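Chemist: Going down the list, the sequences are from chains A and B. Note that full-length UniProt numbering numbers the first sequence so that position 23 is 23, with each residue one more than the last. Note that full-length UniProt numbering numbers the second sequence so that position 64 is 64, with each residue one more than the last.
Derived by calculation from the structure, the hints in this document are not laboratory data. Some hints here could point you the wrong way.
[Unchecked claim] Simulated pairs of lysine-lysine, DSS-like, Cα-Cα distance not exceeding 30 Å: (1) K10/B <-> K163/B; (2) K160/B <-> K49/B; (3) K40/B <-> K18/A; (4) K264/B <-> K18/A; (5) K138/B <-> K10/B; (6) K49/A <-> K138/B; (7) K18/A <-> K293/B; (8) K225/B <-> K49/A; (9) K105/B <-> K20/A; (10) K138/B <-> K20/A; (11) K49/B <-> K138/B; (12) K10/B <-> K105/B; (13) K285/B <-> K57/A; (14) K138/B <-> K40/B; (15) K160/B <-> K10/B.
[Said to hold, decoys possible] Footprint (simulated), chain A over chain B, 3 or more residues, beta carbon under 8 Å: (16) 10-23; (17) 240-251; (18) 256-265.
Since this is a predicted model, take the numbers as computed values, not measurements. Ideal placement from N, C-alpha and C gives every residue a C-beta, glycine not left out.
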Amino acid sequence: MQLTLEFGGGLELLFGSKKKHQVDVSPSNGHIELTVEALLVWIRDNLLKERPEMFMKDKSVRPGVLVLINDSDWELCGRLEGVLEDKDTVTFISTLHGG
Amino acid sequence: MGRQMCELCKDRRAALIRPRNRQQLCQQCFFVAFENEIHKTIVDNRLFKPGERVAIAASGGKDSTVLAHVLTELNRRHNYGLDLFLLSIDEGITGYRDDSLETVKRNEIQYGIPLEVLSYKALYGWSMDEIVREIGRKNNCTFCGVFRRQALDRGAAKVKADKMATGHNADDIAETVLLNIIRGDIARLSRCTAIITGEEGALPRCKPFNLGNLDCLFTYAYYKKLDYFSTECTYSPNAYRGYAREFIKDLESIRPRAILDIIKSGESFRFALTTKMPEQGTCEKCGYISSQKWCKACVLLDGLNRGLPRLGIGRTRGKSSSATGIQTDNSCSDKQTSIRNDKRILKPSLDF
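Extracted from the complex, chain B is given alone in its bound form (with noise of 0.2 Å):
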């Protein structure tokens, strides 16, 4: 088979073609051109400052390796002085999690930089088989998915992070776009095309993959023969989110530009001024940043232990009627909403 050349050495054969530009490289040119794009997304966001202490949040899958790969080699090669380790947390999920946290343990010893791993079990007294076992699997990736979330930040407080990177990219940021639609998440759909989030709390996240296409990542995982893992989550076929990327890798197929495309509108959503947010609080039992009087872990949490799993996941029917029709509560039961004192206020000047 003829091909084409390499654009931009002209000199090797061309591998790949890029998703954004239609250019057509080979191996060498791709590696370079992918780790400056995300070198120049971490200059030009100013994403790190010298001498920060940063967690890059592994889970051992292919985004957070090719994560890991590339800040340790673009720290050393741009000299960020960085002081960069590993974050992993252990769900309980036997036949996943355990597995992939070999691969998370051979990262450390590829990339030698540390490894933190945080248990459920540890962190809350329930592994992910545990709740499984309470719940069934209809509701079981919300638990995992709001556990994961603080496991991560209370790992990171533990051993003194200055902030977080995860490996989301632009396929993760348009399909959570999508979902918050759908659940008609206002303040969710406002913050989640951001590149840094958390400013104002303890913790800082970034995302200095948001505009890499996914396609892009496999590929760089595949041509550097990158070590990670790729078993589906035990307990995920039901998972409501793998309907959204099904659906924007449909949108992609016939339309490249669509999953750019669906951030860019994230981006661009103006709330009406009469929309009510709610007001970021700390949780009064464990004082993580919360919405409510009570965290979504905790609330959760206090289902489990008192053998009402289902209590945190009910949705919330005919409260908040707020102007624009769309509920910005999904978080709690109805049992949940009545108990609690309605924290939210107006903010007329709110305009993301």
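In isolation and in its complexed conformation, chain A is listed as follows (with noise of 0.2 Å):
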């Protein structure tokens, strides 16, 4: 399906410095529906450029980055169980570099 991927706040130094990622992602193998979980996976190893420890932490994002589908807190689309679909847009904002 087709994603839009926004990163700002400083994360797009970890993607080549490019706030903005036009991306074709699958579920994987054995899986109906993409989930927030499976896609930062599949951020991880396939457009993260530097330093994974910035962005991710265990299964999650780090805490300090915030996440956002479709211009809504991922709070209200339950967070990693979320269930995304095409043509959604994902903004990942870090708040962790100074202000």
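Once you've looked at the hints, go ahead and assemble the two chains, each given alone in its own frame, into the complex.
Modeler: Take a look at the structure:
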């Protein structure tokens, strides 16, 4: 499925300083749906250029990284269990950089 | 994905959950709620008086950009009658400050308030790039932080400000509480949670976002599409504060109240009557507020100019054995301590 991924607040530095990425991601083998948890793994393995520990911690994003799905807090969408749909936009913003 | 409606307007879909009360709000109601909270903070704490000339400390980062946006908006909406302007410091960090200053220059136009810029080079004779060449990357943030604090005050005085507003938020203050505990800095610990500081001095400072959650500021800036700068300072990966920030974010992810509770702890500290507190005086060299003979900026600057840049960043050991065993003086090297007059006195009635 087609997704738009956005990185901000300094996180874009881990992705070749590119803020917006159009990607095509399929659910992994044996799954019908693509969850946010699976998307994070896909991003780490396919998109991330450096320092994975700045992006992820255990199975989730590192504390201090905000996640929005179609401009809504991912807490409203089930966090890691949230299911993504075609043409969704997922935004990651780091709050750990200075203000 | 089926989503809840906004709890306030019940008309639009909720876009976020507010960390402080788990309220689910749409973007529009979040803007109103956030701005009303800042307005309430300003009114309840009497942060400003009509006619005051207020410097907004502007780095081009998210906090100060949101502050400039919200203060100009509230000033207009509630007729505060404030003369607002942006005050920026150019530390002279290539690839960081030169870019963020461009952001501040755009903010000047976007918010229609004037901008004043002062450089370290002009104020101290040294840019941060030059200082890093001398000192390396271990203690450079000490220089930058000490110089910036004075630079803002000097800059604000130069352009005749009555008061300064900074974008410090709850996360910043919680970090500062922890750092002051770690450093044993009793004097700063006792005042770092205050919403207004320096009222006795020439230029009071206030923090209208003191209870504002960092995530809310980010979400606000993102939804409002505010123009801010977010690249990490080129020199900061070694900064001590970064560890504290990560630590409190880890705590918050387990217990969302942790940050406000750290601030509450900071506010509630009471120090033993026998604790020695540094006396507030003025620097003999530059006249800036200082608890020592020379203020820290002058000590650091003296070291730089004499080719001994590490002079001001050592740690005092074994001095000032107060009854609590906590050192209140960590701002001078042994050398400096031995030549200055010990001005600290016992203030038995101090109770913060």
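Chemist: Now tell me if each hint is right for this structure.
Modeler: Comparing the hints with the structure gives:
A C-alpha spacing of about 40 Å is found between K10/B and K163/B, which places the hinted pair above 30 Å, so the restraint is violated. Restraint check for K160/B and K49/B: the C-alpha separation of about 16 Å stays at or below 30 Å, so the hint holds. Restraint check for K40/B and K18/A: the C-alpha separation of about 39 Å exceeds 30 Å, so the hint is violated. For the given pair, K264/B sits about 40 Å from K18/A by alpha-carbon distance, which is inconsistent with the 30 Å threshold.
Restraint check for K138/B and K10/B: the C-alpha separation of about 53 Å exceeds 30 Å, so the hint is violated. For the hint linking K49/A to K138/B, the alpha-carbon distance of about 27 Å falls within 30 Å, and the restraint holds. For the hint pairing K18/A with K293/B, the CA-to-CA distance comes to about 50 Å; that exceeds 30 Å, so the pair is violated. Taking the CA atoms of K225/B and K49/A, the gap is near 27 Å; set against the 30 Å cutoff, the hint holds.
Pair hint K105/B plus K20/A holds up; C-alpha atoms about 25 Å apart against a cutoff of 30 Å. Distance restraint check for K138/B and K20/A: the Cα-Cα separation of roughly 34 Å exceeds the 30 Å cut-off, and the hinted pair is therefore not satisfied. The hinted pair formed by K49/B and K138/B fails the criterion: a straight-line CA distance of about 42 Å is larger than 30 Å. About 39 Å separates the Cα atoms of K10/B and K105/B, which puts this hinted pair outside 30 Å; it is violated.
With a CA separation close to 49 Å, the supplied pair K285/B and K57/A exceeds the 30 Å bound. Straight-line distance between C-alpha atoms of K138/B and K40/B comes to about 41 Å, which puts the hinted pair past the 30 Å bound. Distance check on the hinted pair: K160/B and K10/B sit about 47 Å apart at the alpha-carbon level, beyond 30 Å; violated. Residues of the segment 10-23 of chain B with a Cβ under 8 Å from some Cβ of chain A number 5, which satisfies the need for three, so the listed coverage holds.
Counting residues of the segment 240-251 of chain B whose C-beta lies closer than 8 Å to any C-beta of chain A gives 5; at least three are required, and the coverage claim holds. A count of 0 residues in the segment 256-265 of chain B with a Cβ less than 8 Å from any Cβ of chain A is obtained; the coverage claim is therefore unmet, three being the minimum.
When held up to the earlier numbered hints, the structure conflicts with 1, 3, 4, 5, 7, 10, 11, 12, 13, 14, 15 and 18 and fits the remainder.
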